Amino acid sequence: MAVQQQRWRSRLLLPVFLFLLTTIYVAATFQITPQFSEGFVGPRFLPLLAALLMYAALAHIIWRDLASDETSETGSFLQPVAVVLATAVYIAVFKPLGYSLATLLYVFFLFHIFHYQQGRPARRLLYAVAVTAVFYGLFALVFGIRLPTLLDVI
Amino acid sequence: MDFFLDLLQGFATLARPDVLAYMVLGFVIGTFFGAVPGLTSVLAIALLLPITYSMDVVPSLVMCAAIFMSGMYAGSITATTINIPGAPSSMMTAIEGYALMKKGEGANALGHAALGSMIGGSLGALLLMALMPLAAKASLLIQTPGKFALVLFALVVIVIVQRGAVAKGVVATMLGVMIATIGIDVMQPIPRFNFGTEMLVEGIDMMPIIIGTFAISEVLYQAYHNRDDIHLSLSKAASVTIRRRDFLPPLGQIRQIGLFTYLKSSLLGYGIGILPGVGGSMAAFVAYADAKRRSERPDEYGHGSREGIAAAEAANNSMCGGAFVPMLMFGIPGDPTTAIVLGVLVINGLQPGPRLLETQADLIAPMLASLFISALVLIPLTLFLLGPWFVRIVSIPKGLLYACIAVVALVGSFVATFSIFQMGLALLFGILAFFLRQQNYPTVSLLLGFILGPDLEQYLRRSLSLSDGNPMVFLTSPDSLFFLALMAMFLYFMVIRRPKEI
Numbered sequence: 001m002a003v004q005q006q007r008w009r010s011r012l013l014l015p016v017f018l019f020l021l022t023t024i025y026v027a028a029t030f031q032i033t034p035q036f037s038e039g040f041v042g043p044r045f046l047p048l049l050a051a052l053l054m055y056a057a058l059a060h061i062i063w064r065d066l067a068s069d070e071t072s073e074t075g076s077f078l079q080p081v082a083v084v085l086a087t088a089v090y091i092a093v094f095k096p097l098g099y100s101l102a103t104l105l106y107v108f109f110l111f112h113i114f115h116y117q118q119g120r121p122a123r124r125l126l127y128a129v130a131v132t133a134v135f136y137g138l139f140a141l142v143f144g145i146r147l148p149t150l151l152d153v154i
Numbered sequence: 001m002d003f004f005l006d007l008l009q010g011f012a013t014l015a016r017p018d019v020l021a022y023m024v025l026g027f028v029i030g031t032f033f034g035a036v037p038g039l040t041s042v043l044a045i046a047l048l049l050p051i052t053y054s055m056d057v058v059p060s061l062v063m064c065a066a067i068f069m070s071g072m073y074a075g076s077i078t079a080t081t082i083n084i085p086g087a088p089s090s091m092m093t094a095i096e097g098y099a100l101m102k103k104g105e106g107a108n109a110l111g112h113a114a115l116g117s118m119i120g121g122s123l124g125a126l127l128l129m130a131l132m133p134l135a136a137k138a139s140l141l142i143q144t145p146g147k148f149a150l151v152l153f154a155l156v157v158i159v160i161v162q163r164g165a166v167a168k169g170v171v172a173t174m175l176g177v178m179i180a181t182i183g184i185d186v187m188q189p190i191p192r193f194n195f196g197t198e199m200l201v202e203g204i205d206m207m208p209i210i211i212g213t214f215a216i217s218e219v220l221y222q223a224y225h226n227r228d229d230i231h232l233s234l235s236k237a238a239s240v241t242i243r244r245r246d247f248l249p250p251l252g253q254i255r256q257i258g259l260f261t262y263l264k265s266s267l268l269g270y271g272i273g274i275l276p277g278v279g280g281s282m283a284a285f286v287a288y289a290d291a292k293r294r295s296e297r298p299d300e301y302g303h304g305s306r307e308g309i310a311a312a313e314a315a316n317n318s319m320c321g322g323a324f325v326p327m328l329m330f331g332i333p334g335d336p337t338t339a340i341v342l343g344v345l346v347i348n349g350l351q352p353g354p355r356l357l358e359t360q361a362d363l364i365a366p367m368l369a370s371l372f373i374s375a376l377v378l379i380p381l382t383l384f385l386l387g388p389w390f391v392r393i394v395s396i397p398k399g400l401l402y403a404c405i406a407v408v409a410l411v412g413s414f415v416a417t418f419s420i421f422q423m424g425l426a427l428l429f430g431i432l433a434f435f436l437r438q439q440n441y442p443t444v445s446l447l448l449g450f451i452l453g454p455d456l457e458q459y460l461r462r463s464l465s466l467s468d469g470n471p472m473v474f475l476t477s478p479d480s481l482f483f484l485a486l487m488a489m490f491l492y493f494m495v496i497r498r499p500k501e502i
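Which chain is which? The protein sequence lines are A and B, in order.
Number 7 in our numbering belongs to position 7 of the first sequence; there are no gaps in the numbering.
Number 166 in our numbering belongs to position 166 of the second sequence; there are no gaps in the numbering.
Just so you know, not all the hints are guaranteed correct.
Pair by pair, the computed Cβ-Cβ distance ranges are [what the hints assert, rightly or not]: (1) Asp362/B x Phe77/A: 47 to 55 Å; (2) Pro397/B x Ser68/A: 31 to 39 Å; (3) Pro298/B x Ser68/A: 45 to 53 Å; (4) Leu248/B x Ser10/A: 47 to 55 Å; (5) Leu141/A x Asn194/B: 55 to 63 Å; (6) Ser10/A x Gln9/B: 38 to 46 Å; (7) Phe493/B x Arg64/A: 22 to 30 Å; (8) Val166/B x Thr23/A: 18 to 26 Å.
What the hints contain is simulated information worked out from the structure, not anything from laboratory work.
The structure presented is a predicted model; accordingly, all values stated were derived computationally and were not measured.
Note that the Cβ used here is the ideal one computed from N, Cα and C, for glycine as well.
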């Protein structure tokens, strides 16, 4: 019962989040100041219409979810959260550390999350170096794109 | 006449070694992405999008067309061998193909899938080339109220094709529309929804949405599921020996399927491709259902019907040609892949519309030629050359694969604009799309809403300002009335009188 209630709650989280997002959006709609009047259908019209349709659809989804016993897909959120954190760190250090070092660490960490070459750290590192090198070749050498470097070296 | 000369020139351009190499590369990439369960040709083109910033427009478009065609076909590989469709459009092929695989006739099923794809893909591309000038002339007749009604029709179709999940379709589409309203207004020079930041004044670029929705979310989704069962099935299937000569379908079987099945399924696929947001899955489903309905051997369906494979594959590959019509003529993508190809066009300064054929046919023609050659030559050639190793090729370890996708997606979104902000946005949209996918919201609708939202608003406001705010203009203008009537018809048949399930 407790597990079912938790699943039911987790299913409601997204519609409720979108409901709040739409409310912020509607509040911002009223801050739009048109430069000239276009009548009823001005710069606020479509945003308000979209928000209205969104509210109606979300209300329907929430109502149906409250009544239904359906279970949504199951899986573990731990790995996606780890991927998101790793990606956020990668984005943050991409310029300061440069492409090579940041990508090497990122790929190594992703291998760890996806259990690739588990128990073989040397091979995992080797593959991470290879992936980093292959995409460096693609972006920098084939397409001639200047990627960020650490201290103008790598 | 000029357009047909441009088309011939397009075929000649395709013979250039560099362009040919890009087409073959695109085809191989599309085959790989289409065949690996979880990866799609949409993802392949999404990853290619940032790279097109550094490429010429002709090779970019040629590559996109080859990826589109091969991705649609390649879904049948794992659908047949391990009963897991590489692409959603191969769902029907999985039902029949895997049944044949279990009987030890997997190679024959793959051969029929390739033949159906080859015929459907080639016919779809030919129809596209032949009818393009007519479509361009017809599109010139559509005025602003008509354009509004057409975009509205497209958005309504996008929502109602989400059978059983219309409310979720509305949410995803409106989310796309809402994201598209961020930035400068379509009619007045005022910023909207920038929340006081300068970064949002210019609005949100299509690229982080595409990368986030299709690439980052895929990595997160795979991390969430961590499906080792696919790789177990793949390694099991890889041990089965497949001989090249078994790929060739016997003439007797082709006769039994009949030319009519190939032609009708191709026409159905092409027609469904023209409808915005419908895509290959619906094309395969409708053609399969139609073939089953009028089949002389309906009891074979579900137990390894070659006719069912031929119908579904001819339709989903023919859809590729149809999907380009609304995208090239109106900027309305027929499916997610053409939505991203639209991005490639826009990045390269090409404006979809009837004038595209007059002014930039030389850039478009090689893409259409690539679509045709990919279907006619590369599908059978790939099956013959790579067929025996298909399953081994797609058995790449998941960790390696998704690490590569993540790097291409993120570095790609950086190199397109040299902006860390774009990388951050891609991650943000990836997280959003992941949660949407996890709860069965159609993320493709988000992208289509994002693309069509600004057009809808612009045509609506322009029409009303031209008619002094009189909304009756949408009913008195014949083109607008036509699309509104079409929309009402679709609503009636798809929502009120729902089609039966197979």
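Worksheet item: Broken hints, numbered, in rising order?
Response: 3, 5 and 6
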